[in-house]
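Asks: Turn these sequences into a full structure, and let the hints guide you.
Now for the letters of each chain:
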Amino acid sequence: MSPEIALLNNYLIVGAILFGLGLIGFMSRRNMIVMFLAAEMMLQGVSLSLVAWSRFRNDFGGQMLVIFIIAVAACEAAIALGLVTTLFQRSGRLDIADWHALREANQPAFVDEPISEETSTEEPLPTLARAGVAPQVPPVKTDYRPNV
Amino acid sequence: MPEISQLLPLIPALPLAAAMLTAVLGPRLLRKQSHWPTVLALALSCTASLMLLCKVHREAGQEEYERSGYEKIVTLYTWANVDEAYESDLRLRSPEGTVVISQGRKPLENGRLRQQSPEGATVNSRRDDSNKDSLATAAPLGLYNSEVIPFQGFTSLANDCRPEGTKKQGATIKNFRIEIALRADPLTAVMLAVITFVSTLVAIYSIGYMHGDPGYWRFFSYISLFVFSMTMLVSASNFLLLYVFWEAVGLCSYLLIGFWCEKPAAAAAGMKAFLVNRIGDFGFALGIFLIWTTFGTLDFHDSTAMGVLGKMRLASPEPIVNGAVGTAICLLLLLGACGKSAQFPLHVWLPDAMEGPTPVSALIHAATMVTAGVYMLARCMPLFAASPFALHAVAVVGGLTALIGAVVAITQTDLKRILAYSTISHLGYMFLAMGAGTVLGVTAGMFHLVTHAFFKALLFLAAGSVMHAMGGVIDIRRFGGLRRIMPVTHWTFLIGGLAMVGMIPFAGFYSKDAILLAVAEKFSFGNHVDLVYQTLYWTTFGGIFLIAVYTFRPFLLTFYGKDTVIPPEAGHHAHESPLSMTGPLVILALGAAFLGLYLEKTGGLAEFLAGTPSVAYLNRYPLAPEPSHETLESLHSSIGRQSTVMVAAGILFTIFLYAGSRRRLADRLAGPMKRLGLYQLSFGKLFFDPLYRLFVVRPLELFAQACAWFDNRFIDGSVNLVGILPKLLGAALRPLQGGLIQFYALAMILGVLIFLGVLLL
Amino acid sequence: MHDPHIILILTTLLGAVGLWLMLPRGTHRGRSVGIILTAVALGAGASQLPYLGDWLTESIFGVLAAVTVVSAAATIAFRNPVYCAIWFGLTLLGTAGLFLFAGAQFLAVATIVVYAGAILVTFLFVLMLAQPEGKAAYDRVSWEALLSAVLGMVFVGVLSMAIVGVFTAPREAKERPVAPPAAKELAENVLVPQHVAALGTELFGKHLIAVEVAGALLLAALVGAAVIVAQGKMEEKNERNAQQKRD
Amino acid sequence: MTYQTVLQLLPEILLVAFAVAIYVGSAFSDAQRGWNRAALAGVVLAACALATVHYHPAGGYPLFQDGLALFARWMALALAALYILLSFKPLPGGGTPEMFGSLLLIVAGVMLAAAAADLVLIFVSLELISIPTYILLYLGRRDALQQESAAKYFYLSVLSSAILLYGFSFLYGLAGSTDLHNIHDVFLDAGGLPQGFELFAKLAAVLAIAGLSFRLTAVPFHFYAPDVYQGTTHANAALLSVIPKLAGLAVLVRIAWWAMPDGGHLALGIVAALAVLSMTLGNVLALWQDNLRRLMAYSSIAHAGYLLLGLAAALAMRNIQPGAWDGIGAMMFYLCVYAAATIGTFAVFEHLGGSTRRVEGIDELAGLGREKPTVAAMLAAFMFSLTGIPILAGFWGKFQIFGSALSVASDAETAFLRPLFIALAVVGVLNAAVSAAYYLRIVGAMYFRAPLGKFRAEGGTGALLAAALCCLLVLGLGLYPRPLLRASDRARPQLEIVGQVSNLSHPK
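If you read the sequences in order, they're chains R, B, L and H.
Numbering that gives the first Met the number 0 applies: residue 0 is where the first sequence begins, and numbers increase by one.
Numbering that gives the first Met the number 0 applies: residue 0 is where the second sequence begins, and numbers increase by one.
Numbering that gives the first Met the number 0 applies: residue 0 is where the third sequence begins, and numbers increase by one.
Numbering that gives the first Met the number 0 applies: residue 0 is where the fourth sequence begins, and numbers increase by one.
Only pairs whose alpha carbons sit at most 20 Å apart, straight line, appear in this in silico EDC-like list of lysine to aspartate or glutamate:
#1 K371/H to E261/B
#2 K262/B to D413/B
#3 K453/H to E261/B
For the chain L half of the interface with chain R, some residues (derived, Cβ under 7 Å), not all of them:
#4 A103
#5 D138
#6 L216
It should be emphasised that the hints constitute simulated quantities derived from the structure, not laboratory data.
It should be emphasised that the depicted structure is a prediction, and the values quoted were computed from it without experimental measurement.
From the three backbone atoms N, C-alpha and C, an ideal C-beta is built for every residue, glycine too.
Replies: Right, here's the structure in full:
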């Protein structure tokens, strides 16, 4: 196998791996921003194979396509940011699984399986109040910030 | 007297105009007077039809049409036409008149580009040879007329451009030309006369029946629209047009069945009728597509190409496609006919369709619309004649339906429903006649169609009259003895009933015997014994007995009995119907009584119908050696005698059961029996009655009930299942749409992977 | 000579299991096993890659590819989205290096400037703003981790088997071989010394329409983002007003 | 890029210019009215420009000038005009100028995508459709459901773009050029493909068709459609059900029919499978729907299946003679009549809605036949047209599609294609029969049920006008289909390469 073909082969495989990892991230992660990053990772995989083909075919076309991929990715990022921000403002969470109110009429809603709380080691010790005064109860900890 | 070309368009045009006028003016202006446009238009249309009938009769009698049949085509408008588009394209690109393939459309050869010789000259020089060549190949296939076809040069060119070995008859070339062409031939003329005549009477009847209905104008508008569609259906000279009005008739039926849409049952029945019909239409549409790809045209008559049922094709020695394709076309057409004519197993919509107003039942579901399937079979007879299997299928479907309808009708208690099943049964008889595939069969079927239209419309209208008087109650167990308050209805119903059972000399007798004769002819003569027809003959012959039973059972229960039983819904004003309702009844009764006799004795109808090109074709190429006239006559008279005995037995049996058992028989027979002696009377009461009950009545009733159960549960269920199956499939697929983006992405990727896997592995 | 397909299939399966274990599943158990399995799969896969000609090329490519792939896996496996974004930055760096290595200098720079410099940083800002204290439940549990990992890895496996199959399949002599461009041809076109000038000529010559369209696209995105956020703000205000009225 | 290219692109340039003007203008003006007229003026001007393009013979490298491109461009402009009428009323919460600007950009994108002869240009123009669509989906009503639908469309669309691009990368690798003409040449020359590269061709076919199927809402890439339609406005649903289909189909024809090795037979299997799946799934799931937009979404999925059936016929019969039954022409005809009926339906829904709430369920249409006979009659005509009842335009669409499939069945050169296409046609006709059930449900609700309440019908006269125009189209094309039959008969990709500018990419 000549070096040029070997290079093409390797680039294509790395591109495929990036695309596949992006797919896995897109399908399994629920954080909207991570999902978007995963989608961008898929585009990176495509770009890699395009650049490799471009070199192999000795033609600028592939690189052109990559330039436009980057430009479009920038546009999509802008939209995504706007969208994620407004969605976050509404629900206070970045969880995409919150957004499945639109579905077939008789289908059950997606329910999170309960998981053990993340045990934090540095739980603040309760401080004693002066005698005769009701002790202050620490505020309930939410796992998100209600507002930006 | 106006010409055919003037009369023919007038017949559908008048009802259409009436429908539009009523729809526009009805709600505001006409209101209670909304019937006028419809009644006037239908009456005029009927006059025109009768004039057309005379005209066609006169012209078809001429000698030149004796062999090939008579037809006249009136082309109104070219609806869709693509080859004209192409023609202008050619003209645009080649002003000198030489045909050059346009640059942008150079055909590919073996998927390769730019292989074509670019010089138009080469193509041109080769054109003459190829023209001959394509003609030579095309002529035996019977696809092209011997006359010059406008686009022949182009067709041969197109053939020429194809790779060798794929030269075909050019069915894919879209010489796509749908003309709104109406035809006048004996078959159409008869159908038109029957449709418009019955419709006119029904419209007049409806004036009284629908009086005071909030949707008065709507009803008449629909009726006119229906008559328009139906007249177009029978006069269309094109399969596509036939299909269009096939659907339009179904649509009108949907609207009319669901007319009283406040009743959920009515809306459901309308929906059911439409959907079951769609199953049939599905077959019909496929059949038309298959005809298109096989014949390359959809016209009945010869126009630019040889029509499917055109005289040219019928005149050539081996004109009709046979073999698997021909059988497939016929079976698909049969499926369509089964849907519209309520034949087994698509008959389930007709009984439910009785939810509509009674005039609708009379008009659509007895006299006209349901005969569309019979008409279509008669029209396409040359196609069926080429496929014995398809003919058998038609006959078997008809025979089976005739039996099923009759058996189920015995136990029903709803007067209209009984009549609906009887319609199914009689349509089965007509199909059976068509299934004979002979001139005798077709004319017999059409004969029965005509007489049936009269007596069934009569019976339905009479039933409607009863229903009108009884305040909407239609259950025969809830009234009785009505002959006293409704004498006209009683007598007309009796005449209709006698015509339906086929009592000599009423109309049904002659037409029914003609059918039996046509079937008997299939196995009585010639060398081979056709078991299918023989079985069907004896089955349907037995069916005559059942007809008598199910006709006279409701008749006796409704009109006879010691006391006049009137349900409370009728109130105190149970009375004979107004003149607008009884008038049509009397006219129809006259028809039911004497029409058969007239047509039979003059022999005009059969002879006249045999002048239709499709029917004349059967005469020219008989499937079996024709028996002599005398043997046929003797067979006919013996069938007549046998069937009369059968009918009489059936009627007497029914009288014995429903008027005779218990009080009624005693009452009626009291006088003569006393003269004969009390002993016999008591003997008869003690002995015959239980014996009959045990050995005849019970089994018959049980059988009928089993059939009804089977029909309702199994046939209806399986037809419903066809409707429900997609819904179940949908239910199974619904969980896919869970709303999670993640899942959607996963499904998309899974789809990609499956495609990749199938392609790569 | 062993069959590369078997190794590739094994790699795919190993990678799938490893990634499943690595993905956030609500527990810590098995993560280290997952890392090991993924690493083994990565090594096995890498062993199947052909030799690039000389050791310098090979090692540079190896390092860049390893950085890219490992950081990509880390991007989807880390539970804290901030770390995910940072790892993704490293992926971008690796990709940019690979671009450079393939002779696409402009793209390498553009990737870093546009992606890493602009897009990623903005996302990091949003994440920092939106990030709850501690890790949110939806970051600690992924949706159908096993199914996704298997599907994704099968996708990779199918693709790489196809790729490897094309390039390593034994050929008969009469068939036309894959003809790689000679170094001289490359130097005249894609690897021309004035790379950016050549690229620009191409971009603003052949693809001018696309450039114009991309301009319209960017404007649309700009307006769109502004509208979306502005509308969101307005709506929030409306809701607050409505609530005040109700109170 | 020459003067002639500018002339060719004048319609798109005008549209983009109007869009930019509206975008910029909105920044300086709070007005909510008048933008619709500006957008309409832009469309009309673009149409005038396109009328001049029609007679321009030259077709250069980056753009096709064939029948397909022209047909799609005209259709896009017509749809734009209808859509502007449909959403003539200003949006309740602001954002009207942005909506019209985005709409013009989308139309420009569709026109470019239909004419583009280069992978790069195709990709960019498809994105020019997608990105303004995200904005449109967000505008209008801004409740949680609408935001959810925007998010769903956005994420899945990004995924589909990535898949499409991956397909493009293999296509590019196979041919060594982004120019579709070059790709076509390479594939035409059977020896041009290095040995073993058929595998890459398969990858390219699957991935590219999958990416485009998302826009067509073909199963299994349809999942977003019901949810998004349900969550968004009637106007947006109308847009989504037609515009992406037009662009996707045009590009799909270019790729699958023109730029695929093996004469498109590679794509044939995929397209046929997609067609069967889409028809069946769309129809059976539509039977269950009570929400009108959701029902229409499934209907649009089913119709995508019919369209793909036409494409499959075209792929199977590449040697089409002029005037023959042609899958692509049938497909384009079908798309037109489908678009008229669907946009008309949504226009009626829009018209019936109140100022604050819209029509949602089938139940809300009960009794429409008595309360508003004209509107009900129009809606009934659309439903019957979608069912394919004769004398309405939809019938001719189905006739053309099934006719083209059956003409393959009777004429195909390959033996196995015949039973395949008979089966496809049977499935199609059966599906058409099934679809009658849910369309009739709407008609039945309008005519056979008592009204539940008063109809507000505050959707504006623009929507009513759009519905009336569509109704005219549906009826007129049913009675007189010849002009559209002729036009669609010419709407096929050109077989001859016009102009030789493509050589620029190989300066050897």
